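> Sequence:
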Amino acid sequence: MKVITLCGSTKYKEEFNVVNKNLTMLGNLVISVGVFGHAEGIELTSQEKEMLDNIHFRKIDLADEIFVINVDGYIGSSTKREIEYAKSKGKAVNYLYPV
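Residue 1 is where the sequence shown starts when you use the UniProt record's numbering, and the numbers rise one by one after that.
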């Protein structure tokens with residue numbers, strides 16, 4: 001069993017749910033985001049955004065690898081930082097769609 005943290009834009013809530021289910025059914029322990037700010041239209045303060053970003057980096061620390069949900073090839077600036085962070089920690093990086 002691998003521990004996999006999902007990364008990607010929070011506007012893709014449905015895709016996060018599908019990937020979470022699929023990876024779980026393959027026997028993985030999946031860690032996802034806790035707040036889908038973009039998809040749910042939640043206005044976050046800069047302090048809340050920073051807190052959630054830091055929590056997500058800790059989720060990456062717990063994982064064996066990350067899985068990037070890059071719908072239509074989209075990888076935003078926050079996700080790019082998460083990818084670079086994961087690579088710096090020696091984590092494998094996999095993508096929903098080839099890059």
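It should be emphasised that the hints constitute simulated quantities derived from the structure, not laboratory data. Please note that a few of the clues may not be correct.
[To be verified] Keeping only pairs whose Cα atoms sit at most 30 angstroms apart, straight-line, the calculated DSS-like set for lysine-lysine is: (1) 21 / 11; (2) 13 / 59; (3) 49 / 2; (4) 91 / 11; (5) 59 / 49; (6) 87 / 13; (7) 80 / 21; (8) 89 / 13; (9) 49 / 13; (10) 87 / 49; (11) 89 / 11; (12) 87 / 21; (13) 59 / 21; (14) 2 / 13; (15) 87 / 11; (16) 89 / 49; (17) 59 / 11; (18) 13 / 80; (19) 2 / 21; (20) 91 / 21; (21) 59 / 80; (22) 91 / 13; (23) 59 / 89; (24) 2 / 89; (25) 49 / 80; (26) 49 / 21; (27) 80 / 2; (28) 91 / 49; (29) 91 / 2; (30) 21 / 89; (31) 80 / 91; (32) 59 / 87; (33) 59 / 91; (34) 59 / 2.
These numbers come from a predicted model, not from an experiment.
> Given the hint that residue 91 pairs with residue 13, test it: the Cα-Cα distance must not exceed 30 angstroms.
23 angstroms, holds
> Please verify whether residue 13 and residue 80 have alpha carbons no more than 30 angstroms apart.
18 angstroms, holds
> Between residue 49 and residue 2, does the CA-CA distance stay at or below 30 angstroms?
Holds: residue 49 and residue 2 sit about 28 angstroms apart, inside 30 angstroms.
> Would you check the hint for residue 59 and residue 87, treating anything up to 30 angstroms between C-alpha atoms as holding?
14 angstroms, holds
> Is the straight-line distance between the alpha-carbon of residue 89 and that of residue 11 30 angstroms or less?
26 angstroms, holds
> Are residue 91 and residue 11 close enough, with their CA atoms no more than 30 angstroms apart?
24 angstroms, holds
> Between residue 59 and residue 80, does the CA-CA distance stay at or below 30 angstroms?
Within the cut-off at roughly 16 angstroms; holds.
> Taking 30 angstroms as the top limit, are the C-alpha atoms of residue 2 and residue 21 close enough?
Judged against 30 angstroms, a Cα distance of about 14 angstroms means the pair holds.
> Against the 30 angstroms threshold, does the CA-CA distance of residue 49 and residue 80 hold or violate the hint?
16 angstroms, holds
> Given the hinted pair residue 89 and residue 13, is their Cα-Cα distance within 30 angstroms?
26 angstroms, holds
> CA of residue 80 to CA of residue 2, is that 30 angstroms or under?
22 angstroms, holds
> Are the Cα positions of residue 91 and residue 21 separated by 30 angstroms at most?
Measuring from Cα to Cα gives roughly 21 angstroms; hence the hint holds.
Violation of the numbered hints given earlier is absent; every hint is satisfied by the structure.
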